[in-house]
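Participant: First to last, the protein sequences are chains A and B. So the first sequence is numbered by our numbering: it starts at 1 and just counts up by one. So the second sequence is numbered by our numbering: it starts at 125 and just counts up by one.
None of these hints come from the bench; they were simulated from the model. Any given hint could be a false lead.
[What the hints assert, rightly or not] Estimated spans, in silico, between C-beta atoms of each pair: (1) 395(B) - 3(A): 34 to 42 Å; (2) 615(B) - 3(A): 51 to 59 Å; (3) 151(B) - 117(A): 37 to 45 Å; (4) 108(A) - 250(B): 50 to 58 Å; (5) 84(A) - 541(B): 46 to 54 Å; (6) 108(A) - 376(B): 34 to 42 Å; (7) 266(B) - 61(A): 19 to 27 Å.
[Unchecked claim] With a straight-line Cα cutoff of 30 Å, these simulated DSSO-like cross-link-like pairs (lysine-lysine) come out: (8) 282(B) - 266(B); (9) 154(B) - 59(A); (10) 281(B) - 509(B); (11) 150(B) - 59(A); (12) 3(A) - 366(B); (13) 690(B) - 509(B); (14) 206(B) - 59(A); (15) 266(B) - 3(A); (16) 463(B) - 75(A); (17) 3(A) - 206(B); (18) 266(B) - 59(A); (19) 509(B) - 266(B); (20) 228(B) - 59(A).
On a predicted model such as this, the values are computed, not experimentally measured, just so you know. C-beta atoms are modelled at their ideal positions from N, C-alpha and C, and glycine is treated no differently.
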Amino acid sequence: MPKLESLQELQNLRERVQGEIKARTQASATITVGMGTCGIAAGAREVMHAILNELAVRKIDAHVTTTGCIGMCSKEPLVDIQQGNEPRVTYGNVAPAMVPRIIEEHLVNGQVVNEWVIGRVAAG
Amino acid sequence: MAEQFRADLLVSCLHDKAPDLMPALKAEVKQRGLEGEVRVVEAGCRGFCSMGPVLLVQPDGVFYVGLQAADVPELVEETLVKGRVVERLTYKEPTTRKHVPYYKDVPFYSKQMRVVLRNCGLLNPQSIDEYIAVGGYQALGKVLSSMTPEEVIGEIKKAGLRGRGGAGFSTGQKWEFARKAPGDVKYIVANGDEGDPGAFMDRSLLEGDPHGPLEGMIIGAYAIGAHQGFIYVRDEYPLAVKNIGIAIEQAREYGLLGKDILGSGFDFDVRIVRGAGAFVCGEETALMASIEGQAGNPRPRPPFPAQKGLWGKPTNINNVKTWANVPVIINNGADWFDKIGTETSKGTMIFSLVGKINNTGLVEVPMGITLRELIFDVGGGIPGKNKEFKAVQTGGPSGGCLPADLLDLQVDYEHLTKAGSIMGSGGMIVMDEDACMVDIARYFMDFLKDESCGKCAPCREGIRRMLEILNRITHGQGEMADLEVLETLGKVVKATSLCGLGQTAPNPLLSTLRYFRDEYEAHIKDKFCPAGVCRDLFAYYVIPEKCPGCQLCLKACPQDAITGAKKVAHVIDEIKCLQCGECVKVCRMDAIAVRPRAEVRKEVVA
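For reference, chain A alone in the conformation it holds in the complex:
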C-alpha cells in the first residue's frame, strides 16, 4: 500500500474503494432479477452476470438483487428496474445481449426501452 501524501490522495483512495462496500450503501437504482426455478431455467443467472458486468464496467451506482417467481414464467428472465420514486419498470424475456442497451438507455440516459417493457408498477 502506498503512503498517502495529502488529503487529495486520501480522497482519491476513498473514491477508489467505495465500490468495495457498494452493497452496503444507498444506491440510486435497484435492479431485481427474477430467480425462481422458471427464471433460472430461462437463463436468469447469465442475465444477472451480464448486468453485474455491465454495471462494473460503466461504474454505475445500482444494487442488484434477486426475487422469486412472480407468476409470469413465460416472460422469464424478468428484470425490474426501480429508480427513486419512478414507477418500477419490468422487462421480459431478457437475454444477456440485451443488457448493455437496457443499462445504457434506461440507467445512463434515463430513457426506458419501451419495446422490451412488459409492465410498469407505480412506486410505493
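Fit chain B to the supplied structure of chain A, relying on the hints for placement.
Facilitator: Here is chain B on its own, set in the frame of chain A:
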C-alpha cells in the same frame, strides 16, 4: 471483469456461539458458484446479543437471527439464489409473534441512535479501505489541512462532549489543559480497560470499529501537541487486541500514523499496552502507572495527568468511546452534536444491557432517554410471564441500584448522580423480583474487595468491614445498629478514598439502603429473605390450595424431600430440603413459596 459484489453477508457475533458458521457460509457460497458475486464479511458486534449470531444481507436489508451452521444451505439457496426471505430465521417480535424480516423494522434498533457504534457490524473491522470508503479519516484530513489545534479544541468544547469513561469531565477542557501545559513531550492515552462484570462496550467498539477511536486519537494528538499515544486494552480481549493492532499497522502503511501525516508535517504514533486485568487500572493514575511498568496503584491528584502524567509529562487520557466521538463531531460539526441529548449531557451513550432483560445486548441511545424506554422499549422488558421489574444498577459494579419508581428518570450524568448512582462507562444490570438487594450489595462489595488495590486505608479496610457486616446480615446475624454503621462506613469510604474506585465503591450499598431498606430490615428483624436468595433465612413450602398434585416437583427434587400422591397437595420436608430451587423452576402453578426459616424451626420443636 471488475470485482463487483451484488450482495454482502455481514455476519456478527463470531465469538463462540457458532464457530462453524463462517466456514459453512463460505463453503456454501463457493459450492453454489456465487463466489465473486456474493461476499461473506466478518463484521463487528451489532449489539443484539440475545439473538446472536445475527446476519444482515445487503443491499436487501434482510436480517437473520440465531443462525446455526445447519441453516446455511437453506439461507443461501433461498435468499441469495432465489431471492426469497427465510421467514423462520428472521426476528420474531415476542409481543405480536410476527416475523420482522427487515433490519430497519426491528424494534430493538428503532429507538437507538448509533453514533459511536456507527460502523460496528457494517464494516469489516480488519479493512482500513472499508473504513475509508464510508468517510473514515476525512475528519483527520479536515483537521490537518484546515484547522488549528485551538480550533479543534474549540469545536470539541462547543459540542459539549464529556468523558464516556465514568466521571463525565468536559473533553474539550481536558484537552485544553494538556495543550497549555508546558513541555515539548506530551502523551495521549485511550483507556480501554473495561473491568466491570457484564460490560462489553469498549471491547465491542475496539473489535468492531478500531479505526474510529484511532482516528479520534490522531485528531486529539494534533490538538494537544502529542506525538506518542498509547491504547490500553485488556489482554483478556484477544480479538480487540488483534483488530486494533491490525488497524494501527494499516494506518501506518497509509501514512496516517508515523511521520508527516498526510503531508502536514505532523508526527504521531500509537502503541498498544495490554492490561493484565485489574479493575483499578481503569482509573487514570493507576493506568498510567501500569503503562510505565509499575504496579497499577493510583496516586493522589493533583497534580492531574494534564500537568504530570506518564513519566512526569503532560498526558491526556480519554475512554475509547470518547475518542470515537471525535471524528463524528469534526465531520458533522459541534452544532449537530449539541442537538443530541440533554442540556448538560450531549450526544449518545452506549449501554450494555444485561441481567433479567429480554434483549440482552449493546445499545446506543441519545442521552436523556428514560430508564423505562431503555429497559422496556429497547430492552424488551423482563423475561418470564409474571416477573416484575425490581431494580436496575447503572454504571458497573460501583454504581447504585435504582428502584421501579425511578423508572422515569432521565439517563444523564446529573440525574443519575442525584439518584445515588453513576453513569460509569455504561454498564446496566437489570434485576427482577427474584433478586435480593442485600445479597446484590454483598456481591458487589465482594467484587470490589478483591479489586481494591489496598493502597489507601478507607477503601482497603472500609470495603472489607462493610462486606463482613453484609455477610452477617445475609446469614441472619445482623442487628438494626448495623445499618447505621454501614451508612457511616459507606459515607466515610466515599469521602476519603484516594481514587474513583473507593469513592464509588459504597454506591451499591448506600443506594440499596436508601431504596430497599425494608429488605434489610426483613433480613435483620424477621430473619427472612423475601426474595428467597439468602439460604439461611428462608424455607420453601407448598401452598396446598394452589398445588394440583402433578408430581413434577417431586420428580425434580434431588433430595427426595417432597412427598405426596397424585392429585394430592405435596409437602416439602424442610429439614431434608437443600433449597436448590429446582422445584420452583418446574412448578407451573406458582405453588411453591418462601417463608422465614425460623418458622420451620418452631414447628420442628413443637
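Participant: All hints are to be evaluated individually against the structure, with a verdict given for each.
Facilitator: Structure-based check of all given hints:
1. The hinted window of 34 to 42 Å between residue 395(B) and residue 3(A) is violated, with their beta carbons roughly 20 Å apart.
2. Distance hint check: the CB atoms of residue 615(B) and residue 3(A) are about 58 Å apart, consistent with the given range 51 to 59 Å.
3. Range check, residue 151(B) to residue 117(A): Cβ separation about 40 Å, and the 37 to 45 Å hint holds.
4. For the pair residue 108(A) and residue 250(B), the supplied restraint of 50 to 58 Å is violated, since their beta-carbon distance comes to about 36 Å.
5. One distance hint, 46 to 54 Å for the beta-carbon pair residue 84(A) and residue 541(B), holds here, with the actual separation near 49 Å.
6. In this structure, residue 108(A) and residue 376(B) meet the distance hint of 34 to 42 Å, their C-beta atoms being roughly 41 Å apart.
7. Between residue 266(B) and residue 61(A) the beta carbons are some 25 Å apart, a value that agrees with the proposed interval 19 to 27 Å.
8. Between the alpha carbons of residue 282(B) and residue 266(B) the distance comes to roughly 18 Å, so the proposed pair stays at or under 30 Å and holds.
9. Distance restraint check for residue 154(B) and residue 59(A): the Cα-Cα separation of roughly 25 Å lies within the 30 Å cut-off, and the hinted pair is therefore satisfied.
10. A hinted pair counts as satisfied when its Cα atoms are at most 30 Å apart, and residue 281(B) with residue 509(B) does not qualify at roughly 47 Å.
11. Between residue 150(B) and residue 59(A) the alpha-carbon distance is near 27 Å, which keeps this suggested pair within the 30 Å criterion.
12. Taking the CA atoms of residue 3(A) and residue 366(B), the gap is about 22 Å. The hint holds against a cut of 30 Å.
13. For a cut-off of 30 Å, the pair hint linking residue 690(B) to residue 509(B) stands: about 26 Å separates their Cα positions.
14. Distance hint between residue 206(B) and residue 59(A) is fulfilled; the C-alpha atoms sit about 26 Å from each other, no more than 30 Å.
15. Taking the CA atoms of residue 266(B) and residue 3(A), the gap is near 18 Å; set against the 30 Å cutoff, the hint holds.
16. A hinted pair counts as satisfied when its Cα atoms are at most 30 Å apart, and residue 463(B) with residue 75(A) does not qualify at roughly 53 Å.
17. Between the alpha carbons of residue 3(A) and residue 206(B) the distance comes to roughly 43 Å, so the proposed pair goes past 30 Å and is violated.
18. Annotation: proposed proximity of residue 266(B) to residue 59(A) holds, straight-line Cα distance about 27 Å (limit 30 Å).
19. Taking the CA atoms of residue 509(B) and residue 266(B), the gap is about 54 Å. The hint is violated against a cut of 30 Å.
20. Between residue 228(B) and residue 59(A) the CA atoms are separated by roughly 28 Å; this keeps the pair inside 30 Å, and the hint holds.
The earlier numbered hints that this structure contradicts are 1, 4, 10, 16, 17, 19.
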